[in-house]
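J.: Each chain is listed here by its residues.
Number of protein chains: 4
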Amino acid sequence: MLGQLKAEVLQANKDLVKYGLVTFTWGNVSGFDRNSGLIVIKPSGVPYETLNIKDLVVLDLDGNIVEGNLKPSSDTPTHLELYKRFPQISGIVHTHSEWATSWAQAGKSIPVLGTTHADYFYGDIPCTRKMTTFEIEQSYEKETGTVIIEEIGDRDPLKIPGILVNSHGPFAWGKSPENAVHNAVVLEEVAKMALRTYSLNPNIKNIERSLLDKHFLRKHGEAAYYGQNQ
Amino acid sequence: MLGQLKAEVLQANKDLVKYGLVTFTWGNVSGFDRNSGLIVIKPSGVPYETLNIKDLVVLDLDGNIVEGNLKPSSDTPTHLELYKRFPQISGIVHTHSEWATSWAQAGKSIPVLGTTHADYFYGDIPCTRKMTTFEIEQSYEKETGTVIIEEIGDRDPLKIPGILVNSHGPFAWGKSPENAVHNAVVLEEVAKMALRTYSLNPNIKNIERSLLDKHFLRKHGEAAYYGQNQ
Amino acid sequence: MLGQLKAEVLQANKDLVKYGLVTFTWGNVSGFDRNSGLIVIKPSGVPYETLNIKDLVVLDLDGNIVEGNLKPSSDTPTHLELYKRFPQISGIVHTHSEWATSWAQAGKSIPVLGTTHADYFYGDIPCTRKMTTFEIEQSYEKETGTVIIEEIGDRDPLKIPGILVNSHGPFAWGKSPENAVHNAVVLEEVAKMALRTYSLNPNIKNIERSLLDKHFLRKHGEAAYYGQNQ
Amino acid sequence: MLGQLKAEVLQANKDLVKYGLVTFTWGNVSGFDRNSGLIVIKPSGVPYETLNIKDLVVLDLDGNIVEGNLKPSSDTPTHLELYKRFPQISGIVHTHSEWATSWAQAGKSIPVLGTTHADYFYGDIPCTRKMTTFEIEQSYEKETGTVIIEEIGDRDPLKIPGILVNSHGPFAWGKSPENAVHNAVVLEEVAKMALRTYSLNPNIKNIERSLLDKHFLRKHGEAAYYGQNQ
Chain A
93 MLGQLKAEVL QANKDLVKYG LVTFTWGNVS GFDRNSGLIV IKPSGVPYET LNIKDLVVLD
153 LDGNIVEGNL KPSSDTPTHL ELYKRFPQIS GIVHTHSEWA TSWAQAGKSI PVLGTTHADY
213 FYGDIPCTRK MTTFEIEQSY EKETGTVIIE EIGDRDPLKI PGILVNSHGP FAWGKSPENA
273 VHNAVVLEEV AKMALRTYSL NPNIKNIERS LLDKHFLRKH GEAAYYGQNQ
Chain B
93 MLGQLKAEVL QANKDLVKYG LVTFTWGNVS GFDRNSGLIV IKPSGVPYET LNIKDLVVLD
153 LDGNIVEGNL KPSSDTPTHL ELYKRFPQIS GIVHTHSEWA TSWAQAGKSI PVLGTTHADY
213 FYGDIPCTRK MTTFEIEQSY EKETGTVIIE EIGDRDPLKI PGILVNSHGP FAWGKSPENA
273 VHNAVVLEEV AKMALRTYSL NPNIKNIERS LLDKHFLRKH GEAAYYGQNQ
Chain C
93 MLGQLKAEVL QANKDLVKYG LVTFTWGNVS GFDRNSGLIV IKPSGVPYET LNIKDLVVLD
153 LDGNIVEGNL KPSSDTPTHL ELYKRFPQIS GIVHTHSEWA TSWAQAGKSI PVLGTTHADY
213 FYGDIPCTRK MTTFEIEQSY EKETGTVIIE EIGDRDPLKI PGILVNSHGP FAWGKSPENA
273 VHNAVVLEEV AKMALRTYSL NPNIKNIERS LLDKHFLRKH GEAAYYGQNQ
Chain D
93 MLGQLKAEVL QANKDLVKYG LVTFTWGNVS GFDRNSGLIV IKPSGVPYET LNIKDLVVLD
153 LDGNIVEGNL KPSSDTPTHL ELYKRFPQIS GIVHTHSEWA TSWAQAGKSI PVLGTTHADY
213 FYGDIPCTRK MTTFEIEQSY EKETGTVIIE EIGDRDPLKI PGILVNSHGP FAWGKSPENA
273 VHNAVVLEEV AKMALRTYSL NPNIKNIERS LLDKHFLRKH GEAAYYGQNQ
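Protein chains in written order, with the working numbering: chain A, 93 to 322; chain B, 93 to 322; chain C, 93 to 322; chain D, 93 to 322.
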């Protein structure tokens, strides 16, 4: 069942280690199969080194376990909210990667300071508002999804393929689990360089609209010309 | 004698290298066997690469060597004080890991700025007061234990599983040598991200009590639901 | 055709990974053969791991593809402008390396703060002016070359073998593809140390002219005495 | 001739790479044999990867080459000055290691902010004065030794086993080439942590005299008790 997607989700989880995005078990990747309406996600607290395709958990969008002997990631309700809201995305990553988390802890959005950012994010990487005590105490992981959705609003999530959850850390997403991990790596690199840019020039402004358009649109959209598949 | 504990202490010491917590011989791990009242600790100044199970030193809580041909870690008296005071802990780590030591040198506690911290430490990671000249000159390593104990006070050491010794570096502890090293890694990650958060927002405040409760208690205590063993 | 140059360009592209200058496909190296007037460059968006000598693209200085089945790097027009203007150089590198890009995003030139810098760059590493909306919208990659050329002016490009493109990232160059990568590594190291020097001393001044002369000229020029080939 | 010392110097040079202290050929180690009055040093500009025992150069204290087909390190005159002045040392290292060089570029001594520093350096790690134009232009590498000697003054160089050359980078030394590299690693770690401590607390003061004494003297001198050989 969902053998191809499971292989992708397994690989994407292991890639979190390869790209230096996780310490211990601090992260998880899921993938969504729009045909069957099922998601595949990492089990909770299982180390990446020993993670096996049989450990993955299959759920429906209501969170019912369809296959798997282990408990799914404790962040599963956040993933479910995002898949339900955004039909464009089929992969989600959550980590506590060090640079993005530093921004999330500071409660600050990452402004567009250069073309690396503009190549992937069509504007600031937003930071969610703080959650209320009620949201935290009632259904914390589900409400984490809610504040992300609130912050993205009407924007196309593939144009802003990641976000900082206030006081917590980054979520990133994409057209597939692999693409979601790719965007998580970009977010981390952008967070690192933006912090250093600020230390050099605390008054730095966002890049011009024309440069943002140029870089984002040469990689994405109808007139894209970067890479071999355009 | 204590074969299982020795194996754990050996592995835990070698894990300091794996996790990037030590330069040269700047660190040590011990384990405590509550049944026999004996501790196993790294010898002083021996490189991790060649460290062998036969090099480990066994002592009683009064510091008498029960087994071993080498001198125990010079920090042994600190370990003894902590085991005597805190029956909850059976593993202790000391390192000069770079980020935690930077905070210790600054003489500052690490405030709870995010959920990574809250997942393991149920409040600030405290920094001890400076030691007096008398304490330093009389029985320095024993008094290092004293100031740690003074700072922890009536708190449960498993809820604050690590501390910064002022002008020196971190100690961490746990239910086992492995768990102590795990907490030392967490302390280091948290120290790193907190420093960067401060550089982005020097006026950042601690996270809300409800978020601290949520994260610490979903991993620890009776209502924990993170991982596979809850 | 151009077998030796292709081998050098392939190796130089793979060295970007070895030296930690690139994430994903964020970089490219080209080489120029002055005899034939042809350049060899990395194809667009192809990963370094699988990059093969047959993937490389050969173009003339007008940008006409002479050999190769893949699209050349999207930054090719920048490379062409530089080869046309500067007969001294036969290798060009572009990356988004993290420290140099942080300076580029800050819009700041890197002043000569020490001898590491002076060993390779005979003055500040300049940052280009921002490009106009017209330049960005008309022929962006070509105009990137224009602003670099404008900034270098009458200086010898081998005495300033790299530059920061404002809001974007570094370009470096040299007598060969290998030499260009060497200079890109130097630029990155210098950018890293200069940022930290500023954090220690925001009022630091450039080194004295005599020290700059001494270090640059003991490695370069007629009276050079560093290394075995002088 | 000097086979044992050559082996030590070769290993010490290669250890610069192992410990992450060098980029390209930016460093050199020498060793001194007090019996014969000869020094063994790395040749100039030769990569560490291919460095062979036959490449090493043997010189007397006047700089005359006694053995070897290659040119010695361009920094040889600095090494010679230090060996002539300080009979206590038999190994010298020079690098452009990133953290120590950042302090050297800032023109600042590294104050004793913690016990890691105090374990090896019995006081601040000094930064030399700037060299005069005359010193730079006349015999630069020899005068680099002079300003180091001037700064150390009457202090025991084994109690301050390293220094920052203003606008340049670190030199470290010790009882042997291996010990000199050890001290160069310590200097780099201490420089890194001190910079971060300053970023957390710009008003931090040196540690107390009693703590400095305790740590330095428990590792060094007659009453030392750290390690297995005391």
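Derived from the structure by calculation, the hints contain no laboratory data. Honestly, I wouldn't trust all of these hints.
Note that the list lumps identical chains together, so a pair holds whenever it fits in one copy or between two copies.
DSS-like cross-link-like pairs, simulated, lysine-lysine; straight-line CA separation at most 27 Å [as the list claims (entries may be wrong)]:
id: 1; residue 1: K222; residue 2: K146
id: 2; residue 1: K251; residue 2: K106
id: 3; residue 1: K110; residue 2: K297
id: 4; residue 1: K297; residue 2: K222
Please read all numbers here as calculations on a predicted model, not as lab measurements.
J.: If a hint holds in the structure, say so; if it does not, say that too.
T.: A quick look at each hint next to the structure:
{"no.": "1", "hint": "K222 <-> K146", "verdict": "neither (37 Å within a copy, 53 Å between copies)"}
{"no.": "2", "hint": "K251 <-> K106", "verdict": "within (25 Å within a copy, 30 Å between copies)"}
{"no.": "3", "hint": "K110 <-> K297", "verdict": "neither (33 Å within a copy, 33 Å between copies)"}
{"no.": "4", "hint": "K297 <-> K222", "verdict": "both (25 Å within a copy, 12 Å between copies)"}
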